[in-house]
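Trainee: Chain by chain, the residues run as shown.
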Amino acid sequence: MDTLFIAVFEILSFGAIVVLVVLGLGIIASMMGIFNFAQGEFVLLGAYITYLVHSIGFPVALGMMVAPIAVGALGFMLEMVVVRRFYAAPIVAMLGTYALGLIIREAVRGLTGGLYLSVPEPIGGSITVGALHFATWRCVIVVITLLVIAASYALIAYTSFGLRIRASLENPSLARVSGISTSMIYSVTFAFGAALAGLAGALIVPVFSLFADLGIRFLIQGFVAVMVGGIGSFAGPVAGASVIGTFSAALPWLMSPVIADVLVFVLAIIFIKFRPQGLVSRRGV
Amino acid sequence: MSQLSSTRTGTRAAPSVIEASRTPTIGAPVSAEPGRVLPIIEMAVLIIAAVAPLTLQNYMTVYATRVLILCLFALSFDLVWGYAGILSLGQSLFFGMAGYGVALLSRDFHIASLFAVVPLGALIGLVAALLLAGFLLLGRHTSSVVFVSLGSMTGAYAADRLARGSYYLGGQNGIPSIQSMSIGSYTLNEGPGFYYLALIILIVVYLLSRFLLRSQFGLALAGLRENEQRIAFFGYKVQHLKAIIFAIGGAIAGIAGSLYAFHEGFVWTTILGVVMSTQVVLYVLFGGSGTLIGAVIGTAIVEGLSFWLSDNYRDIWPIILGLLLLLVILFRPLGLISLVLGERERVGTFRPSPKEIRDAAS
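Residue numbers (my numbering), protein chains in the order written: chain A, 1 to 285; chain B, 1 to 362.
Hints in this document: simulated from the structure, not taken from any laboratory.
This structure is a prediction, so every number in the text was calculated from the model and none was measured.
Worth double-checking, as some hints may not be accurate.
On the chain B side, residues computed to face chain A include the following (Cβ under 10 Å) [stated by the list, open to error]:
no., residue
1, Gly85
2, Leu89
3, Phe135
4, Ser144
5, Ser149
6, Leu162
7, Val274
8, Val275
9, Leu285
10, Ile316
11, Leu321
12, Leu327
13, Val328
Ideal placement from N, C-alpha and C gives every residue a C-beta, glycine not left out.
Okay, chain B solo, but in the shape it has when bound:
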């Protein structure tokens, strides 16, 4: 109420610059504030990722490629949990289904072109996520978070069990020896080539997600996460918003899954199941949910640590991981990224861009 009256009086007295910064105009993008830490972190991560293969040995580059693909997977979970507050404990369902889908494409139809594999992966993830979202999120009753998390987890569990029992899908052993991915006539093998392909796809998806989240849609999502009821009162169709972001998350997980299948050269039931889903939750919580770069950093740190520690401390490494995770949840609920990133910057400042303020002033 006070907000309303202050803007009313503002039209008479206050300079229009202040006016413009106060009233959220429909369609206004979320602007970047000068002197932010986030772009610096993003640039630093990008530079490290770009030069990494030049310094790493080949087997490390292969490992780093896997990490990049998992980063993509982590992004998909971060979108649905960190931005829309949907706790999807079955994100691996989309990852694994896309992986199996492209593996079958390769086995039964001998198609391994990048331009067929990645779109198919995205499509499988998108459709599967839409169907699951239609069941879990839409309907007369608003679904509780616990129901959605349990439902998606059950989906992953069921897919794992069914794939295990299916002769067509290779049962316990999965589908081995997928051929190498090709781009036109060029065959892409593990190593720097695949690394840069994964990096380019990751960057594209990252930028698209960032664009999406800084649009009006992203703003509504952030509101949804913070106070669902209020967003509903504003007239947004909350369940539809959730279903859309869930489907987008599914598509990204699908892209990651299709790349993973071709990079590893085989698919097996674990990538469908609960183990993989909880893995991605760890990555995102570790790095910091609600920031895209947090998901990437979390994946890189967890996988990096696990690479380094599992060599020397194979038995106690999972225990250390659990302890670290517990400490992060207890003392840094916003993840490691919150050590350098302020709350204000994480949530974002929602106001018109400098250009629009200038336009309003003139």
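Excised from the complex, chain A in its bound form:
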């Protein structure tokens, strides 16, 4: 019984991490139609900034607040300079953002010297319920993930800014005629997606520690999750990420980790093959 609770908690917290990583990717893919191959490296950058702030003597928590802002700003800039040119050609966008990711990844590899660097948890210890101990930081990640999902949903569904984002997605020329600067909206949306990735990286770095290939680990997972969930809606990527995260965390309890890791992706690809529109086929929010 105790093992079951531990397993459920592990699955929940890992699922939360995947959702957090995928959310930014999903928003960019759904709202802008761009598959951002640099998303994993935005996660990495968020982790690196947290490490950097910590290493020069500031508290880790401060680093976690700075990371999304800094990565968001970088995303904004990159959109203006580079990504903007790719909207006409989504395939070229994949390759272009891959090149961007390569640059970021190798830069971080150079800066970290190719080492595994650890960052302490800002809130250590564990919560004890009866005879069970849950790592506090993992609980915090679950809570923050839920808050971020709620906040992102509210932003897109209920604010006038969210309305403009949806309008630009639905019918760009009509949006422009109505006085919405679609290019500005795209920049901000991309920056928002990047900031979410930065936040994800900052939050997970105490769990996974910092290394240059941190982002790649999540990239395939993220894309598969977005495809399983369905592109074009807010709920799709969240649903897909929950499913993929749950399976990725649950299967290793039942079989060897290597087989489990591969099986999740293979099952997901087969699912997408027979249901290309994904779990959530409805478009919009």
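Place chain B on chain A using the hints.
Mentor: Chain B only, in chain A's frame:
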């Protein structure tokens, strides 16, 4: 519609030479136009490749051999992406599987004859690609490019992980100390011998690919890349065309993989995985997808630069590579080859050969 009416009236008034050049006849090969740049580039590359071992030191020849094998690998990606528009991000799957296959052949059966190794590599690549294409490309729904790229990438990732975990395949360490390749009783070691073998195979594959692409099949492929729907409306079975070229690409990658395994003398999991797949994407984008020679030039330039720079600037070399790639994608989406090659020549001029025009005129 206007095209149709002009050819109709053309049968009455216009000289038949013009007529022949306008209506695409079934089975007409794509002719070479006089004064083209492409054959000159191809000849220049061939001459450089042929004389290179005479001027290079031995260790450089070994490196150049590896580059030639990677050129072959790049050709396979260029065929599926540059000509058919299938973004295969798992091309290393076929490369690596063939490499592992021939490594096992050498380890367990002690067979290292060229005439067994290369056909086996091609066969493994062909079968693996056919199976993957059957799943990814065929079926009721037409697959999106993103799905195909993601699916093939997942394939490469899965193969990498499984090979890592497999005791039979040597796990993390791969399969070491593969014996030298033999041709009859002659043992082929690294150096000029292997270099020329790789060069001959590269030339043969290159010429076969060129022949294929200039046939009616290649024309249909080019149409597929430019406007898939229109080709489908013409009655071509688009998915079958894609599966065929994907399988051919797989076979070429398999040949490259089998040569690579014997040239390096060992195989390890990286050659199966995503790193190797993205490497080949870099080569082809760099040189110019959609031209066979572009893939070869791209491989040679990226590998050459990396050989030269990684000695002096080991840490920042990958960053430079990323920046260069980004610049090429932004400003030269057709690759470096487009600096000297016009769009018209890259796409090719599709019209009957001069002989057929003469026949039609007489």
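Trainee: State for each hint whether it applies.
Mentor: A quick look at each hint next to the structure:
Contact between B:Gly85 and chain A, as hinted, is supported at the beta carbon level, the nearest pair being about 8 Å apart and thus within 10 Å. Contact between B:Leu89 and chain A, as hinted, is supported at the beta carbon level, the nearest pair being about 9 Å apart and thus within 10 Å. The interface hint given for B:Phe135 is met, as the beta carbon of that residue sits about 7 Å from the closest beta carbon of chain A, less than 10 Å. Checking B:Ser144 against chain A by beta carbon gives a least distance of about 7 Å; that is within 10 Å, so the hint holds.
Of the supplied interface hints, the one on B:Ser149 holds, with its beta-carbon coming within about 7 Å of a beta-carbon of chain A, less than 10 Å. A hinted interface residue such as B:Leu162 counts as satisfied when its beta carbon comes closer than 10 Å to some beta carbon of chain A; here the least separation is about 6 Å, so the hint holds. About 7 Å separates the beta-carbon of B:Val274 from the nearest beta-carbon of chain A, less than 10 Å, and the hint is met. Look at B:Val275: its Cβ gets to within about 9 Å of chain A, closer than 10 Å, so that hint holds up.
With its C-beta approaching chain A no nearer than about 6 Å, B:Leu285 sits inside the 10 Å limit, and its interface hint holds. At a threshold of 10 Å, the smallest CB-CB gap from B:Ile316 to chain A is about 6 Å, leaving the interface hint in force. The beta carbon of B:Leu321 comes within 7 Å of a beta carbon in chain A, closer than 10 Å, and the hint placing it at the interface holds. Proximity of B:Leu327 to chain A holds as hinted, the smallest CB-CB distance being about 9 Å (cut-off 10 Å).
The beta carbon of B:Val328 comes within 9 Å of a beta carbon in chain A, closer than 10 Å, and the hint placing it at the interface holds.
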